[in-house]
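A.B. asks: If you want the building blocks of each chain, they are given just below.
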Amino acid sequence: EAQVTQNPRYLITVTGKKLTVTCSQNMNHEYMSWYRQDPGLGLRQIYYSMNVEVTDKGDVPEGYKVSRKEKRNFPLILESPSPNQTSLYFCASGLAGQETQYFGPGTRLLVL
Amino acid sequence: AQKITQTQPGMFVQEKEAVTLDCTYDTSDQSYGLFWYKQPSSGEMIFLIYQGSYDEQNATEGRYSLNFQKARKSANLVISASQLGDSAMYFCAMSLLSSNTGKLIFGQGTTLQVKP
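Residue numbers (this note's numbering), protein chains in the order written: chain A, 9 to 120; chain B, 4 to 119.
These are calculated hints, taken from the structure and not from any lab test.
In this text the structure is predicted, and so the values were computed from the model without any measurement.
A few of these clues could be false.
As the list claims (entries may be wrong) - Heads up, simulated EDC-like pairs for lysine to aspartate or glutamate below, C-alpha to C-alpha not over 20 Å straight-line:
(1) K73/B / E59/B
(2) K79/A / E9/A
(3) K118/B / E20/B
(4) K6/B / D67/A
(5) K6/B / D46/A
(6) K6/B / D25/B
If we strip away everything but chain A, and leave its shape as in the complex, we get:
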């Protein structure tokens, strides 16, 4: 089944404790991206990647890191999480040059 997976789906952590949210897709998509969704602010792009080893900042990259060592994986790293990073996070993937992006199931993060 073609899909984008994210882990964990739910996470409660404390300020300053490094965490990684994994994202994996099995559709051989070149393009991958991370969004966060917040009430009243909608979905905002954090980082994106056009292909392996090619990543760039989106609209709200502060406090986040990403890497793209393999085509299928695009982890989101929070080196020192803060409460304002409490949010619902989505990973998305798509074929470069085509528009449709498919989203993972989301990761709900609470930073205390």
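Given chain A, put chain B in place with the hints provided.
C.D. replies: Quick look at chain B alone, frame taken from chain A:
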């Protein structure tokens, strides 16, 4: 500025009836894509339908159709024969093919409730 506007925060529809969710967009680009996504209460974002700016025919996917009116810059979603499982938040989104970020620009969403 590139923007998506969904003016209906919430809507009700009777089961088995059709419903139209409004979406207007603002861009000066000539090449763009328009999408609708469904977000049920469980939180996932489900792709429903896509319309390219150069597509002359309205997109359809099963019970979903996109009423694309380019001159009015509108891309309304029509759901025919509503089902209880259609109750969810619906987002309209746009991508600009000239952009190298692949970013989707989302509207604020419309909550649809289907009544039995």
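A.B. asks: Against this structure, judge whether each hint is valid.
C.D. replies: Structure-based check of each hint:
As the CA atoms of K73/B and E59/B are separated by approximately 10 Å, the hinted pair is consistent with the 20 Å bound. Simply put, K79/A and E9/A have alpha-carbon atoms about 18 Å apart, close enough for the 20 Å limit, and the pair holds. A distance of roughly 10 Å separates the Cα atoms of K118/B and E20/B; the hinted pair therefore holds under the 20 Å criterion. Of the supplied pair hints, the one linking K6/B and D67/A holds, its CA atoms being roughly 14 Å apart against a limit of 20 Å.
Straight-line distance between C-alpha atoms of K6/B and D46/A comes to about 17 Å, which keeps the hinted pair within the 20 Å bound. Between K6/B and D25/B, the direct Cα distance comes to roughly 14 Å. Compliance with the 20 Å bound is thereby established for this hinted pair.
Against the hints set out earlier in the document, no violation occurs for any number.
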